[in-house]
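Enquirer: Residues per chain are reported as follows:
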Amino acid sequence: ERMCIGRHIRFSVDTSRFPNLRSVSVDLNHDASLLIDIPDALCERDKVKFTVHTKTTLSSFQKPDFSVPRQHEDFIWLHDTLVETEDYAGLIIPPAPPKPDFDSPRDKMHKLGEGEATMTKEEYTKMKQELEAEYLAVFKKTVQVHEIFLQRLSSHPVLSKDRNFQIFLEYDQDLSVRRKNAKEMFGGFFKNMVKSADEVLISGVKEVDDFFEQEKTFLLDYYSKIKDSTAKAEKMTRAHKNIADDYIHISATLNSLAADDMTANKNLNIILSLQKVEGRVASDQDLKLTELLRYYMRDIQAAKDLLYRRARALADYENSNKALDKARLKSKDIPQAEEHQRQCLQKFDKLSESGKKELTSFKGRRVVAFRKNFIEMAELEIKHAKNSVALLQGCIELLKSN
Amino acid sequence: MKSDSPLFLVAQDLTLFCICVNVQSQPASLAAEDISTNSNGPKQDSLFDDDPEDLFAEATEEVSLDSPERDVLLSDGPSPAITPITPPTSVITPRIGHTHDDMFTHSSFDEIEEEEGGDSFDIHISVSDPEKVGDGMNAYMAYKVTTKTSISLFKRNEFAVKRRFSDFLGLHSKLASKYLHIGYIVPPAPEKSIVGMTKVKVGKEDQSSNEFVEKRRSALERYLMRTVKHPILLKDPDVLQFLESSELPRAVSTQALSSAGLLRMVNKAADAVNKMTIKMNESDAWFEEKQQHFENLDVQLRKLHTSVESLVCHRKELSVNTAQFAKSAAMLGNSEDHTALSRALSQLAEVEEKIDQLHQDQANADFYLFSELLGDYVRLLTAVKGVFDHRMKTWQKWQDSQMLLQKKREAEAKLQFTNKPDKLQQAKDEIKELEGKVQQGERDFEQISKTIRKEVSRFEKERVKDFKTIIIKYLESLVQTQQQLIKYWEAFLPEAKAIS
Chain A
1 ERMCIGRHIR
11 FSVDTSRFPN
21 LRSVSVDLNH
31 DASLLIDIPD
41 ALCERDKVKF
51 TVHTKTTLSS
61 FQKPDFSVPR
71 QHEDFIWLHD
81 TLVETEDYAG
91 LIIPPAPPKP
101 DFDSPRDKMH
111 KLGEGEATMT
121 KEEYTKMKQE
131 LEAEYLAVFK
141 KTVQVHEIFL
151 QRLSSHPVLS
161 KDRNFQIFLE
171 YDQDLSVRRK
181 NAKEMFGGFF
191 KNMVKSADEV
201 LISGVKEVDD
211 FFEQEKTFLL
221 DYYSKIKDST
231 AKAEKMTRAH
241 KNIADDYIHI
251 SATLNSLAAD
261 DMTANKNLNI
271 ILSLQKVEGR
281 VASDQDLKLT
291 ELLRYYMRDI
301 QAAKDLLYRR
311 ARALADYENS
321 NKALDKARLK
331 SKDIPQAEEH
341 QRQCLQKFDK
351 LSESGKKELT
361 SFKGRRVVAF
371 RKNFIEMAEL
381 EIKHAKNSVA
391 LLQGCIELLK
401 SN
Chain B
1 MKSDSPLFLV
11 AQDLTLFCIC
21 VNVQSQPASL
31 AAEDISTNSN
41 GPKQDSLFDD
51 DPEDLFAEAT
61 EEVSLDSPER
71 DVLLSDGPSP
81 AITPITPPTS
91 VITPRIGHTH
101 DDMFTHSSFD
111 EIEEEEGGDS
121 FDIHISVSDP
131 EKVGDGMNAY
141 MAYKVTTKTS
151 ISLFKRNEFA
161 VKRRFSDFLG
171 LHSKLASKYL
181 HIGYIVPPAP
191 EKSIVGMTKV
201 KVGKEDQSSN
211 EFVEKRRSAL
221 ERYLMRTVKH
231 PILLKDPDVL
241 QFLESSELPR
251 AVSTQALSSA
261 GLLRMVNKAA
271 DAVNKMTIKM
281 NESDAWFEEK
291 QQHFENLDVQ
301 LRKLHTSVES
311 LVCHRKELSV
321 NTAQFAKSAA
331 MLGNSEDHTA
341 LSRALSQLAE
351 VEEKIDQLHQ
361 DQANADFYLF
371 SELLGDYVRL
381 LTAVKGVFDH
391 RMKTWQKWQD
401 SQMLLQKKRE
411 AEAKLQFTNK
421 PDKLQQAKDE
431 IKELEGKVQQ
441 GERDFEQISK
451 TIRKEVSRFE
461 KERVKDFKTI
471 IIKYLESLVQ
481 TQQQLIKYWE
491 AFLPEAKAIS
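These protein sequences, in sequence, are chains A and B. Just so we're aligned: the first sequence equals residues 1 to 402 in UniProt numbering. Just so we're aligned: the second sequence equals residues 1 to 500 in UniProt numbering.
None of these hints come from the bench; they were simulated from the model. A portion of the hints provided could be inaccurate.
To be verified - A few chain B residues that face chain A, going by a derived Cβ cut-off under 8 angstroms, partial list only:
id, residue
1, Glu191
2, Ile194
3, Val195
4, Met197
5, Thr198
6, Val202
7, Asp298
8, Gln300
9, Glu336
10, Val479
11, Trp489
None of the values given here were measured: they were computed from a predicted structure. Glycine included, C-beta positions come from ideal geometry on N, C-alpha and C.
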């Protein structure tokens, strides 16, 4: 890892060493015909450049092994074009990766600079180190969440064949020109439509299928609960982090006392160790719990979007029925109305069939991911606690023996 | 004959002090006898009057005369004021006979110190069972003070009394007035709190007023333990009376020396010293070095205290956040339609609820062990600074006497050439008196310097021991928390694995 911290933060990381976040979505990237990863990334002035690397045996690609540089906006473009593709209306489109957000560590770094005068040199250095680690953690998370997005696509039987996906992976020029054109074409209209008032529409539709009725009830309720849990988990993690920071200040002051006091000298090491452990507890909880919940919150939103599209298709079908009745009544344009109704029904049936498959596999995916993360989280908590106990008991022995 | 100020002499040995104080307030034959042996009869009284800062005037009113030990002492055959009288403790008795030769080296104190080192310090005081007495704004909390000891100074091995907060303040006020100005570091009493007490009086039975009472109870206990750990204070009759007597005269002037009041007094003294034109000639580098050391220590401890208070705050926050997350996870579990995952989520919620309690308990340990200890020491350092300032005052007094003596001598020299034999004689008399004062001043200064050296050494030893003990306890509390965490997560792990 290269790091040069100042006003401009520039660092790159070899992501293969940090598999932590990947557990949010299991069984990805196993199909040798199309393997995607983000082996490294560069962060300059809070703008991240990802290196997207593809290895493929598919003839549809020009080369078997290649890499391209991509920005966050390119991923969003790809996501939006997939959402706006009619053919994929019956699929759960993997949620777009969130924008890299360095606000929190940046603000803290700013505050730290302001408070430098009140701290000892050692304290300041340690706090700065912690902030650099936080920057790095945010960076790693964003790299991994972008990677998972691509791997979800490559693992999907239908989406992996998408033309725009291929362009994204392969096009060795700057994508921003294509992105601008696409925006002008669609104007983001569809996306806004999807986002607004979907709950009302979904709840309003009279459901004919038990499966979807259950899913609807479940997803709407689950979404609000998981959103709440994500927020609460985040607060827990932040409190852990605050405690770790307090340990830094405490150990620094004990260090100053150490010259006068033998006891303090021995203690400052233990406090520093506790700080490290507390920090790791915080970041592990963040990855295994908070990020898990956050990812599935977005995934549930994507599932809800599918329900919305199906609900809209159902509404369209019902409208087409009414239009057909009207046409028969007026004895006018009956064949068009019949054709329209037939198409609507076809679309609706296709959506329902595909949607059922998607939602079922989604549940399976969710359960597997939760299981993996919960196990890993419990194991890590146990590991950290045992570590702490060993450190503390060692220190107590030392103090008692004197 | 030099006019001694028995007040200062005997203060070093508290038993003698008792006698002197009683002498002043009791117009008994004993008093008459004491005074009559001193040729400066009437002057003796004036000595007491002269000193405007004689806090003993106050102290004498508050000292109670009902202790049986004192009766024994009073009935002892009197001797010149200087002669030591059999003290009540068997510990000191064998040695006291030798001390009168060498009052000024205060070997009695030395030997008491040694004796203390040899004895195992066996006294334990607990403050418990806070009980509200009365109603409305006149209500107060009564605490049970239980002493368990094998020290023969006490009549019994285990006994308890009921005390209220103002009693503690009264005790401290007495001890401070007796010992601070001669260089003893008297532990400060816990802080008053109008807000906290009003809540209790008004009858609010909520968590914050319970916490307040517990905080105060703990502080009172620590205060008493610190006080009795001091070998001199332990034997003070006010302390004995406080611990043993079922009835205690209501402390009226508790306004006098609260911790804040003490700080104000110290600061005033410091200001006065700073304003003096003749600076103390600090020939003793030790004092300057120690003063600097305590200044630094004060700064560091305050900073540490702030950081630990922040830790307590954040840990409480963590506890609250964990509880909230637990509830949220439970709701998520209810919503989850996959059975095994739903159960796991509920289990997770239960684990987090237990962990929330753990964090709360840890926050209490953070507070009561770590944070309060630091707060105690920040206040103790105020008392330490106080004795250093008193030393300055003592020096200044000595210097003032010297200057006055000089002036009188010059005046006398001038009078030699005038024909005023009466005035000359008066001048000579005044000079004699002042010479005595100057000698006394020097002795006092040397004495307080010596006492402070001992006190500082004792204080530092105690501090290191105190911190070590508390830190070990604190680390052990952390170990407990972590071990519980292991238990909880190990119980959860199979539940997580059971998700299929």
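Enquirer: Run every hint past the structure and note whether it holds.
Expert: Evaluated hints:
Given the 8 angstroms rule on beta carbons, the hint for Glu191/B is violated: about 23 angstroms separates it from the nearest Cβ of chain A. Here the hint on Ile194/B is broken, as its CB sits about 30 angstroms from the closest CB of chain A, past 8 angstroms. Violation of the interface hint for Val195/B is found here, the shortest Cβ-Cβ separation to chain A being roughly 26 angstroms, above the 8 angstroms cut-off. Among the interface hints, the one on Met197/B is violated; its C-beta lies about 30 angstroms from the nearest C-beta in chain A, farther than the 8 angstroms criterion.
A cut of 8 angstroms between beta carbons decides the hint on Thr198/B: the least distance to chain A is about 31 angstroms, and the hint is violated. With a cut of 8 angstroms, the hint placing Val202/B at the interface with chain A is violated, because the nearest CB-to-CB distance is about 33 angstroms. Look at Asp298/B: its Cβ only gets to about 11 angstroms from chain A, farther than 8 angstroms, so that hint breaks. Given hint, Gln300/B at the interface with chain A, holds; its Cβ is 5 angstroms from that chain's nearest Cβ, closer than 8 angstroms.
Of the supplied interface hints, the one on Glu336/B holds, with its beta-carbon coming within about 7 angstroms of a beta-carbon of chain A, less than 8 angstroms. Restraint check, Val479/B versus chain A: the minimum CB separation of about 5 angstroms is within 8 angstroms; hint holds. Given hint, Trp489/B at the interface with chain A, holds; its Cβ is 4 angstroms from that chain's nearest Cβ, closer than 8 angstroms.
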